[in-house]
Amino acid sequence: MRIQRATLLMTIIFIASVVYIILYFKLFIPTPEQEHNITVILKEHNIRSDFWQTVSAGAEAAAKESGVNITINGPLQETDIDAQIRLLEEVLEQKPQAVVIAPINDDRVTAEMEKIQEAKIPLVIIDTPVSQNSAPALVSNDHFTAGMQAGKVTLEQTKDSPKSVIISDFVNSGVSAEREKGVRKALLPFSQSVYGTYYNSDSEERAYIIAKTIMREHNDLNAIIALNESAALGAAKAIKDANKTGLIKLISFDTSVYEIRLLEEGTLNATVVQQPFNIGYLGVQTVLDLLDGKKVKPVTYTNSIVVTKENMYSPENQKLLFPFIDK
Amino acid sequence: MSRSRKSASFIPFLPFKSIQSSIFFTFSCLILITVMVISLNSYRLSVDAVETNSQSYVQEIIKQVNSNIQSYIDNMENISMLAMTNKDVKYYISNNSFISKGDRRPYEKRISDLFQAILYSRKDISAIMVFGYNGFSVSDRRITLLNPYTKLENQSWYKEAKSKGGQSVISPPHVQNIIQNEYRWVVSLSRELKSTDGIRGEGIFLVDLNLSIINDICSKINMGKKGYVFIVDNSGNIVYHPQQQLLYSNLRSEPIVKAAGAQSGTSFTVDDDKGKRVYSVQDTNFGWKIVGVAYTDDLIANEGTIRNSILLYAITGILFSLLLSLFLSYRMSKPLRILQRDMKKVERGNFDVRTNIEPINEIGQLGRSFNLMLAQIKNLMEEIIDTQESKRKSELMLLQSQINPHFLYNTLDSIIWMGEQKKHEEVVLMTSALAKLFRASITKDKELVPIRVEVEHITNYLLIQKMRYDEQLEYEIDISPDIMHYKTLKILLQPFVENAIYHGVRNKPEPGKITIRGREQDQVIIFEVEDDGMGMTPEQLEDIWTVHDKQQKTKTTSGIGIGNVNERVKLFFGSMYGIQIQSEPEEGTTVTIIIPKIKE
Numbered sequence: 001m002r003i004q005r006a007t008l009l010m011t012i013i014f015i016a017s018v019v020y021i022i023l024y025f026k027l028f029i030p031t032p033e034q035e036h037n038i039t040v041i042l043k044e045h046n047i048r049s050d051f052w053q054t055v056s057a058g059a060e061a062a063a064k065e066s067g068v069n070i071t072i073n074g075p076l077q078e079t080d081i082d083a084q085i086r087l088l089e090e091v092l093e094q095k096p097q098a099v100v101i102a103p104i105n106d107d108r109v110t111a112e113m114e115k116i117q118e119a120k121i122p123l124v125i126i127d128t129p130v131s132q133n134s135a136p137a138l139v140s141n142d143h144f145t146a147g148m149q150a151g152k153v154t155l156e157q158t159k160d161s162p163k164s165v166i167i168s169d170f171v172n173s174g175v176s177a178e179r180e181k182g183v184r185k186a187l188l189p190f191s192q193s194v195y196g197t198y199y200n201s202d203s204e205e206r207a208y209i210i211a212k213t214i215m216r217e218h219n220d221l222n223a224i225i226a227l228n229e230s231a232a233l234g235a236a237k238a239i240k241d242a243n244k245t246g247l248i249k250l251i252s253f254d255t256s257v258y259e260i261r262l263l264e265e266g267t268l269n270a271t272v273v274q275q276p277f278n279i280g281y282l283g284v285q286t287v288l289d290l291l292d293g294k295k296v297k298p299v300t301y302t303n304s305i306v307v308t309k310e311n312m313y314s315p316e317n318q319k320l321l322f323p324f325i326d327k
Numbered sequence: 001m002s003r004s005r006k007s008a009s010f011i012p013f014l015p016f017k018s019i020q021s022s023i024f025f026t027f028s029c030l031i032l033i034t035v036m037v038i039s040l041n042s043y044r045l046s047v048d049a050v051e052t053n054s055q056s057y058v059q060e061i062i063k064q065v066n067s068n069i070q071s072y073i074d075n076m077e078n079i080s081m082l083a084m085t086n087k088d089v090k091y092y093i094s095n096n097s098f099i100s101k102g103d104r105r106p107y108e109k110r111i112s113d114l115f116q117a118i119l120y121s122r123k124d125i126s127a128i129m130v131f132g133y134n135g136f137s138v139s140d141r142r143i144t145l146l147n148p149y150t151k152l153e154n155q156s157w158y159k160e161a162k163s164k165g166g167q168s169v170i171s172p173p174h175v176q177n178i179i180q181n182e183y184r185w186v187v188s189l190s191r192e193l194k195s196t197d198g199i200r201g202e203g204i205f206l207v208d209l210n211l212s213i214i215n216d217i218c219s220k221i222n223m224g225k226k227g228y229v230f231i232v233d234n235s236g237n238i239v240y241h242p243q244q245q246l247l248y249s250n251l252r253s254e255p256i257v258k259a260a261g262a263q264s265g266t267s268f269t270v271d272d273d274k275g276k277r278v279y280s281v282q283d284t285n286f287g288w289k290i291v292g293v294a295y296t297d298d299l300i301a302n303e304g305t306i307r308n309s310i311l312l313y314a315i316t317g318i319l320f321s322l323l324l325s326l327f328l329s330y331r332m333s334k335p336l337r338i339l340q341r342d343m344k345k346v347e348r349g350n351f352d353v354r355t356n357i358e359p360i361n362e363i364g365q366l367g368r369s370f371n372l373m374l375a376q377i378k379n380l381m382e383e384i385i386d387t388q389e390s391k392r393k394s395e396l397m398l399l400q401s402q403i404n405p406h407f408l409y410n411t412l413d414s415i416i417w418m419g420e421q422k423k424h425e426e427v428v429l430m431t432s433a434l435a436k437l438f439r440a441s442i443t444k445d446k447e448l449v450p451i452r453v454e455v456e457h458i459t460n461y462l463l464i465q466k467m468r469y470d471e472q473l474e475y476e477i478d479i480s481p482d483i484m485h486y487k488t489l490k491i492l493l494q495p496f497v498e499n500a501i502y503h504g505v506r507n508k509p510e511p512g513k514i515t516i517r518g519r520e521q522d523q524v525i526i527f528e529v530e531d532d533g534m535g536m537t538p539e540q541l542e543d544i545w546t547v548h549d550k551q552q553k554t555k556t557t558s559g560i561g562i563g564n565v566n567e568r569v570k571l572f573f574g575s576m577y578g579i580q581i582q583s584e585p586e587e588g589t590t591v592t593i594i595i596p597k598i599k600e
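If you're matching them up, the sequences are chains A and B in order. All residue numbers for the first sequence refer to UniProt numbering, where the first residue is 1 and numbers rise by one. All residue numbers for the second sequence refer to UniProt numbering, where the first residue is 1 and numbers rise by one.
Some hints could be false.
Just some of the chain B residues that point at chain A, by a computed CB distance under 8 Å [stated by the list, open to error]:
1. 84
2. 112
3. 246
4. 255
5. 323
6. 328
7. 442
In short, the hints are calculated from the structure, not lab data. It should be emphasised that the depicted structure is a prediction, and the values quoted were computed from it without experimental measurement. Backbone N, C-alpha and C fix where the C-beta goes; we use that ideal spot for every residue, glycine too.
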């Protein structure tokens with residue numbers, strides 16, 4: 001009887017200690033938390049491109065805030081379609097949990113994106129909308145509204161009597177088309193406000209020639225709306241050459257060191273600036289929401305800011321024009 | 001059992017019928033409550049401890065950041081002191097009139113050299129400049145080209161320094177655009193330089209600190225995965241924030257007012273959709289507040305682990321203790337159950353039960369008391385049985401020793417008749433036989449007598465009967481001499497002989513014979529009383545026994561019944577001994593009496 005009881009107690013204690021030890025080791029090897037892995041593919045991943053670097057900073061900020069791992073990739077040049085396709089193929093192989101992409105406008109890229117969607121990987125498009133059947137969620141600057149803002153600035157600068165031309169890059173450029181629509185909408189109430197739209201094929205040289213020609217043709221011209229940087233730089237050169245700084249108002253989009261200089265000297269009267277940081281940030285946030293199973297808006301627009309010489313050094317705009325502290 | 005409802009449980013509020021369940025239930029409740037309270041408490045305490053730890057950790061980090069930034073600012077301050085006290089600088093900006101650019105040049109060069117020397121040693125400084133109110137300016141560059149589109153007077157650092165009159169002014173981070181083609185993020189320290197008499201202001205001194213220094217300090221600190229540092233000034237403007245753009249476009253909010261109003265060295269907690277986080281605030285002595293933001297789930301990365309492990313421990317503990325309490329309650333109530341089982345046996349009439357309860361505790365003692373009680377009860381019962389038996393024996397004895405009065409009258413009648421016939425010898429013989437018979441029945445001292453004595457007795461009896469019935473009765477006594485010395489009950493055979501005469505031989509027209517035999521067989525002695533009389537039908541035979549079952553008083557005709565003799569034998573010698581009767585009508589009856597061998 002005594003022996004029996006002792007054995008019973010020993011057995012219980014033994015089982016208890018075994019359970020204890022198992023639990024001890026199971027519990028104190030911290031089970032790695034399930035981490036999200038997100039891949040971001042940009043149009044251009046190049047330290048020279050302030051815009052895309054800012055987008056990537058925004059994406060990183062969102063990733064850090066949510067504690068997810070992020071990989072940011074992109075071709076070195078915005079024109080390198082093959083590189084982006086290669087990256088997308090890699091993504092398909094690696095199968096990250098979510099993908100954010102700024103696609104280069106090309107059918108092959110769209111096809112790759114459809115493959116990603118078929119693989120049930122949450123996908124969010126930033127910056128450039130694509131024409132696709134089941135289009136993924138889009139986070140983009142509202143180019144139409146930006147165009148409207150540019151139009152309104154033109155009105156302000158020309159004291160509501162605009163006689164302008166629009167210099168765009170390509171006929172088929174989606175972004176430029178949207179901007180143009182916005183500009184025209186803002187200027188529509190004023191008769192003879194837009195003499196026409198010209199295309200510089202993204203060449204500063206051509207923009208210069210175009211601006212020169214127009215200035216010659218239209219004596220009452222008081223505003224040039226340049227839908228991209230090259231157009232703005234070419235037009236600015238033409239205005240300066242014609243000594244018409246201040247007489248012909250130059251309104252442009254986006255920002256670069258050259259545009260900033262033009263803004264400071266007064267050749268460029270206003271530029272409508274996107275918020276790339278926000279695009280990157282919201283892009284990642286949207287894809288995280290998708291991962292969490294939340295409903296997301298099909299399109300999220302970010303705002304543009306009109307920067308003039310007067311407000312370019314305000315705390316907010318400094319950050320937009322000079323996004324990087326280290327430069 | 002009828003009281004079981006009333007005493008269903010030994011503790012009124014526990015609805016259990018067994019002590020084991022009650023003990024188990026009580027133990028389990030106690031264990032559950034204790035484990036739960038302890039687990040909850042330890043969880044809370046450990047989380048509290050981790051939280052406090054992480055808060056002080058964050059405070060510590062912020063202090064580090066603070067002193068780092070402070071040292072850079074102090075350095076700028078020192079550089080400004082150097083410039084202020086430098087004679088060349090003083091002279092250069094003083095209100096004197098240089099005749100020509102050539103006159104200014106040596107001063108400019110010397111000042112520039114000085115600034116350059118400083119700049120070489122300090123990588124964190126991006127520019128050092130002096131702007132005299134006289135319109136001259138000199139910087140660390142050999143040739144200073146100012147941005148033609150920037151008006152000095154509009155720069156906030158310039159205006160601030162001028163208005164502060166000699167005190168140094170720290171600007172918020174801004175893009176320094178005073179130098180042509182240079183756009184750098186800096187923090188500027190500016191102060192007005194006074195004339196030698198210390199009254200008039202003569203120029204503005206500027207030192208620019210690369211903002212990347214502060215950016216590095218702030219972005220390299222490690223406060224968990226999501227933690228970060230931001231800086232506000234006293235009026236609540238953001239000086240530095242890793243996500244300044246988001247704040248400006250209202251995609252993010254930060255409790256800046258609260259942070260700006262917070263005391264240095266304090267912390268506060270914000271819990272919103274972004275998660276619970278701790279804000280720790282440190283003042284610098286130049287008007288900035290450094291705020292460290294740490295996410296609690298980041299710092300307490302193992303909060304979930306703590307909770308899970310405590311939960312698991314609690315569950316294991318509970319399971320283990322439940323098993324233990326099951327075992328203990330079983331052990332504790334086991335002696336009670338043994339006792340109960342043994343008592344049930346006693347209830348059913350088995351008084352030989354002895355309960356054996358191992359531990360010598362209250363229940364063990366109870367068991368021992370129970371055993372003692374049982375032993376006493378058994379003794380008492382045996383005593384009662386003994387008393388009853390001896391009472392019955394003496395009753396039967398009494399009955400036996402009584403001489404049937406009819407027999408006595410008849411015998412006396414016979415004696416008288418023989419006396420009248422002058423048969424003296426017969427009278428003497430019969431009287432002496434009667435006397436012997438009487439003596440035998442009167443001697444009460446001994447129940448058991450040697451068979452010899454019994455044979456004598458029956459011989460006397462038969463002698464008397466033979467004299468009475470004469471030709472009618474024949475008898476033979478055939479007792480083995482080997483058994484003569486064994487003992488038998490007194491007056492054992494007489495009732496059967498009497499029955500044989502009265503019921504068997506007397507009613508027979510022809511003479512009858514009674515044979516008495518005695519012999520030993522194995523361990524018993526067998527007597528047979530055989531007659532060749534009327535015999536009995538099975539009904540009559542049955543009647544003999546049934547009569548015996550009824551009260552003795554109803555039949556008195558033949559003195560004592562056969563049943564009584566049988567009972568007497570069994571009482572004395574045990575139930576395996578007794579009487580058997582075999583009878584055939586018209587043939588005769590044989591009574592067999594079996595008794596044990598009892599030596600003298």
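Here is how each hint holds up against the structure:
For residue 84 of chain B, the shortest C-beta to C-beta distance to chain A is roughly 28 Å, which exceeds 8 Å, and the interface hint is violated. Given hint, residue 112 of chain B at the interface with chain A, is violated; its Cβ is 25 Å from that chain's nearest Cβ, farther than 8 Å. At its closest, the beta carbon of residue 246 of chain B sits 6 Å from a beta carbon of chain A; the interface hint therefore holds under the 8 Å criterion. Interface hint status for residue 255 of chain B: violated, as the beta-carbon distance to the closest one in chain A is roughly 16 Å, over 8 Å.
Annotation: residue 323 of chain B was flagged as interfacial toward chain A, and the flag holds, the nearest CB pair being 7 Å apart, inside 8 Å. For residue 328 of chain B, the interface hint is violated, the least distance from its beta-carbon to any beta-carbon of chain A being 11 Å, above 8 Å. Proximity of residue 442 of chain B to chain A is violated relative to the hint, the smallest CB-CB distance being about 65 Å (cut-off 8 Å).
Checked against the numbered hints above, the structure breaks hints 1, 2, 4, 6 and 7 and satisfies the rest.
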